[in-house]
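Chemist: Residue strings, one per chain:
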Amino acid sequence: MARTLRFREALREAMIEEMDRDERVFLMGEEVGHYQGAYKVSEGMLDRFGDKRVVDTPIAESGFAGIGVGAAMVGLRPIIEFMTWNFSAVAFDQILNNAAKVRQMSGGQFECPIVFRGPNASARQVGSQHSHAMEHFYATVPGLKVVAPAFPADAKGLLKTAIRDDNPVLVMESETLYAVKGDVPDGEHLVELGRAHVVRPGRDVTLVAYSRMTHVALEAATDLEKEGVSAEVVDLRSLRPLDEGTIVASVERTHRLVVVHEGWPYGGVGAEIADRVQRLAFDALDAPILRVTTLDVPMPYSAKLEQACMPQRDRVIDAVRRTLARGTN
Amino acid sequence: MPPTPDTTPGPPPTRASSDLDRLAELYRQMLLVRRVEEESARAYAEGKIGGFLHLYIGQEAVAVGALAALRPEDYVVTTYRDHGIALAKGMTPRALLAELFGKSTGCSRGLGGSMHMFDREHNMLGGYGIVGGHIPLAAGVAFASKYRADGRVTVCFFGEGAVSIGGFHEGLSLAALWKLPIVFICENNEYAMGTPLSRSMSVEDVSLKALGYGMDRDRFVVDDVLEVERRIGEAVKRAREESLPTLVEVRTYRFRGHSMSDPAKYRTPAELEERKQRDPLARARASLVQRGLDEQRVEALERSVEAEVADAVKFANESPEPTLADLEPTTYKGPFAY
Chain U
11 MARTLRFREA LREAMIEEMD RDERVFLMGE EVGHYQGAYK VSEGMLDRFG DKRVVDTPIA
71 ESGFAGIGVG AAMVGLRPII EFMTWNFSAV AFDQILNNAA KVRQMSGGQF ECPIVFRGPN
131 ASARQVGSQH SHAMEHFYAT VPGLKVVAPA FPADAKGLLK TAIRDDNPVL VMESETLYAV
191 KGDVPDGEHL VELGRAHVVR PGRDVTLVAY SRMTHVALEA ATDLEKEGVS AEVVDLRSLR
251 PLDEGTIVAS VERTHRLVVV HEGWPYGGVG AEIADRVQRL AFDALDAPIL RVTTLDVPMP
311 YSAKLEQACM PQRDRVIDAV RRTLARGTN
Chain D
64 MPPTPDTTPG PPPTRASSDL DRLAELYRQM LLVRRVEEES ARAYAEGKIG GFLHLYIGQE
124 AVAVGALAAL RPEDYVVTTY RDHGIALAKG MTPRALLAEL FGKSTGCSRG LGGSMHMFDR
184 EHNMLGGYGI VGGHIPLAAG VAFASKYRAD GRVTVCFFGE GAVSIGGFHE GLSLAALWKL
244 PIVFICENNE YAMGTPLSRS MSVEDVSLKA LGYGMDRDRF VVDDVLEVER RIGEAVKRAR
304 EESLPTLVEV RTYRFRGHSM SDPAKYRTPA ELEERKQRDP LARARASLVQ RGLDEQRVEA
364 LERSVEAEVA DAVKFANESP EPTLADLEPT TYKGPFAY
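In order, the protein sequence lines correspond to chains U and D. Here the first sequence stands for residues 11 to 339, where the numbers follow this note's numbering. Here the second sequence stands for residues 64 to 401, where the numbers follow this note's numbering.
By construction, these hints were calculated from the structure, which means they are not laboratory data. We treat Cβ as the ideally placed atom computed from N, Cα and C, and that holds for glycine. Heads up, a few of these hints could be off.
Stated by the list, open to error - Cut-off 25 Å, straight-line C-alpha distance, at most; resulting in silico cross-link-like pairs (BS3-like, lysine-lysine):
1) U:K62 - D:K209
2) D:K328 - D:K339
3) D:K242 - D:K328
4) D:K209 - D:K272
5) U:K50 - U:K62
6) D:K300 - U:K62
7) D:K339 - D:K300
8) D:K272 - D:K242
9) D:K328 - U:K62
Claimed, not checked - Which residues of chain U face chain D? A partial, calculated answer using Cβ under 8 Å:
10) R113
11) M115
12) S116
13) Q135
14) S138
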């Protein structure tokens, strides 16, 4: 059996179940308690768990990210919420230099079982400083794991698995997905990190996406079907570890690949996937791998320009047409 | 009547003799730090230690005195000038020198190096290389102690060079807001690398920063290691019994450059010489003798330190290096996330 939940409710269920299960788990961040969550993800959790375990912080991302790392090193299992991942930029040192490295720096003596989570990438007209897709920076860092679910069931299952993981796991959510509904299985629901999911089978081209872009890729695939093009959509769910096996298997079926993600093109997740696929499936490719990304500029405020910068269904369709024609950009 | 510290078991020791024994032990630890650091400098010159090497020579009384006020289960977090603090927390000279030599028998299996001394058994939670970045982390360790009500205290060391960076302020702000059981010890050695206090801070009294956070503070010059133990002990007591943080500024001085590559031209030889005259290590020795510890016992103690250091150098020299196979398991717990 399954129930229909919104994305934010699925995340909340994951946190509540894990906090019920394990006293060491606590939630910390700006407005997570009394305000009930800036995006209402943690609504009701303060009443349920009290202010020892649902901890409101001042605006000090570096400070409370560091608090989380220290607490994790001595055995707690913090969930650190960033109001948005944009603000994690001022806590980057804590994540890069402490969370990701303490295990190696200590020769394996200390672990950092911590979850950092919050909404990522563009919202609506929030300007250049609030529209970052930060996963590209973090996925390059050995020692970290990064997940980016697109559906409520995966949001719940991945977050629960992340909380139980003994390594730092970064959960990339999306403000524009929080209200999206989906079926979530009843009972204990865990999703393994590093497993992509073929959410739509197809024959002619593979679309690889994650987070909100999975929905854009699915829309494009629906339209392409009308043109007689059968697109397979692979929802990555996890960026590090990356399920290259599922991607490669799909490309071996379709022989063409378009990667769709928010964030800039230079050195991003799409570039990583292009590298792996050309190495692992060179002979299967019938066309160059194309990427549909946010344009290579800071995000503008103008609604029209913002839409033009973000990956859209039409740009995905255009890229598919070009790859089918063996074009390159 | 002079104290007689070396008698056979009998009535409880007098206050004076127990103080003398205490001082002898702290002197031994300080000397151990000094000698390990001197041997490290020698090994660095011989090319056996690479990278950065920030020596603690001159500051020994801070670590030894402060950590004497702790219990074994208490936590310590520090900056990159971490050798003396690791030894004072209980790390063996073998584990420390082997780490500096990049050997697999080092505390961090040769993967951390000079700036990253970790010892889980002794609750030494590491040295960190990004100035101020470890201060919120240390507050998080104290947060965990309060969360679990485990009665432990965290001590966090840093230099006065860290006082200008955000991590210091965010760490202190949160520790005060949440009343965390932590002691922040600013080892003010007067130079942030090559920049003197007068050119790095608008207010040279670091302890005053505590006022803005409503935090208790203390400030003193390190001359006597027992005084360090007593003063830090007050802050530790406040942390343990009242769950309140304290900022303690300890005025000290490093006799060597910032790191091995620093000739310290920003200070005069006369200044350095004057400070060396006040060397807390030499003062501790003089105090021991003056209070009546037999010169022969002092020398015996010194010989035992020499033997321990020589053994550690030999151990570090003869130990194997880590291998590529050590890297992936220390990057992730469980399968490597590629």
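Chemist: Any of the earlier hints contradicted here, and which numbers?
Modeler: 3, 7, 9, 13 and 14
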